[in-house]
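Quick note, the sequences are listed as chains L and X, same order. Under our numbering, the first residue of the first sequence is numbered 1, with each subsequent residue one higher. Under our numbering, the first residue of the second sequence is numbered 1, with each subsequent residue one higher.
Honestly, I wouldn't trust all of these hints.
Below, a list of computed lysine-lysine pairs in the DSS-like style, where the Cα atoms sit at most 25 Å apart [as the list claims (entries may be wrong)]:
no.	chain 1	residue 1	chain 2	residue 2
1	L	Lys44	X	Lys3
2	X	Lys104	X	Lys69
3	L	Lys22	X	Lys69
4	L	Lys22	L	Lys9
5	L	Lys67	L	Lys9
6	L	Lys71	L	Lys41
7	L	Lys71	L	Lys40
8	L	Lys44	X	Lys104
9	L	Lys41	L	Lys22
10	L	Lys40	X	Lys69
11	L	Lys44	L	Lys9
12	X	Lys69	X	Lys3
13	X	Lys104	L	Lys41
14	L	Lys71	L	Lys22
15	L	Lys67	L	Lys22
16	L	Lys40	L	Lys9
17	L	Lys9	L	Lys71
18	L	Lys41	X	Lys3
Hints were generated in silico from the structure; no laboratory data involved.
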Amino acid sequence: DTAVSQTPKYLVTQMGNDKSIKCEQNLGHDTMYWYKQDSKKFLKIMFSYNNKELIINETVPNRFSPKSPDKAHLNLHINSLELGDSAVYFCASRQTRQSSGANVLTFGAGSRLTVL
Amino acid sequence: DAKTTQPNSMESNEEEPVHLPCNHSTISGTDYIHWYRQLPSQGPEYVIHGLTSNVNNRMASLAIAEDRKSSTLILHRATLRDAAVYYCILRGAGGGADGLTFGKGTHLIIQP
């Protein structure tokens, strides 16, 4: 069983469309994340979410929104797609503990989004 | 999270040990040192972490300097499958949902 699974693995779409990427984790973790990796291979955190708080990286356009129907899922919705949104998007999860410095993240395999 | 400095790339031969350095001179007393790696076309994966003492696991060893201002990830016998980008990351001990901040990492090239 894949611990953190993302769908779709590849997504090709036109500018201006609205799309979603789904993420599910079966690890029982309480916190989930979305990261973006651009063509220069920089990994940037977009969102952190648990049932208590949503932390949004201030550089993320408001066209991007996370939606969490339950603790095991964190989907990424993107409205009005732009060419610059082309990237690989990674979902991750972890279990927060009191001493969170030791917590490790488990990542999905990534979803490659191409906007034409 | 405090900043780390790593070489952009390193090259090693297959079946030889590899020492990947990381400088973190501004580390605070409660920061953990984490190492992740990203194999080609895959998501990052956890390798090892430590606070003060050296650590060993099935993937690697982590040697932490006594003053904690630097650390070294040691792959004891590199294989071609170890070719990846290795990230050294500091993670504070505070609670909350905040994630890890990735730098540029070290691109490790393994020669057969």
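Quick rundown of the hints versus the structure:
This hinted pair checks out: L/Lys44 and X/Lys3 have alpha carbons roughly 15 Å apart, not beyond 25 Å. For the hint pairing X/Lys104 with X/Lys69, the CA-to-CA distance comes to about 19 Å; that is within 25 Å, so the pair holds. This hinted pair does not check out: L/Lys22 and X/Lys69 have alpha carbons roughly 39 Å apart, beyond 25 Å. Pair hint L/Lys22 plus L/Lys9 holds up; C-alpha atoms about 10 Å apart against a cutoff of 25 Å.
Distance restraint check for L/Lys67 and L/Lys9: the Cα-Cα separation of roughly 19 Å lies within the 25 Å cut-off, and the hinted pair is therefore satisfied. Between L/Lys71 and L/Lys41 the alpha-carbon distance is near 29 Å, which puts this suggested pair outside the 25 Å criterion. With a C-alpha separation of about 32 Å, the suggested pairing of L/Lys71 with L/Lys40 is violated against the 25 Å cut-off. With a CA separation close to 11 Å, the supplied pair L/Lys44 and X/Lys104 stays within the 25 Å bound.
Simply put, L/Lys41 and L/Lys22 have alpha-carbon atoms about 22 Å apart, close enough for the 25 Å limit, and the pair holds. Using a Cα cut-off of 25 Å, the hinted pair L/Lys40 and X/Lys69 is violated, with the two alpha carbons roughly 28 Å apart. Restraint check: the Cα-Cα separation between L/Lys44 and L/Lys9 comes to about 19 Å, which is no more than 25 Å; the hinted pair holds. Between X/Lys69 and X/Lys3, the direct Cα distance comes to roughly 11 Å. Compliance with the 25 Å bound is thereby established for this hinted pair.
Only pairs whose Cα atoms come within 25 Å are accepted, and X/Lys104 paired with L/Lys41 is accepted, the gap being roughly 8 Å. Pair hint L/Lys71 plus L/Lys22 holds up; C-alpha atoms about 13 Å apart against a cutoff of 25 Å. Distance hint between L/Lys67 and L/Lys22 is fulfilled; the C-alpha atoms sit about 9 Å from each other, no more than 25 Å. For the proposed pair L/Lys40 and L/Lys9, the alpha carbon gap of about 20 Å is at most 25 Å, so the pair holds.
The suggested pairing of L/Lys9 with L/Lys71 holds, with an alpha-carbon distance near 22 Å, which does not exceed 25 Å. Between L/Lys41 and X/Lys3 the alpha-carbon distance is near 18 Å, which keeps this suggested pair within the 25 Å criterion.
Hint compliance for this structure: hints 3, 6, 7 and 10 are not met, and every other hint is.
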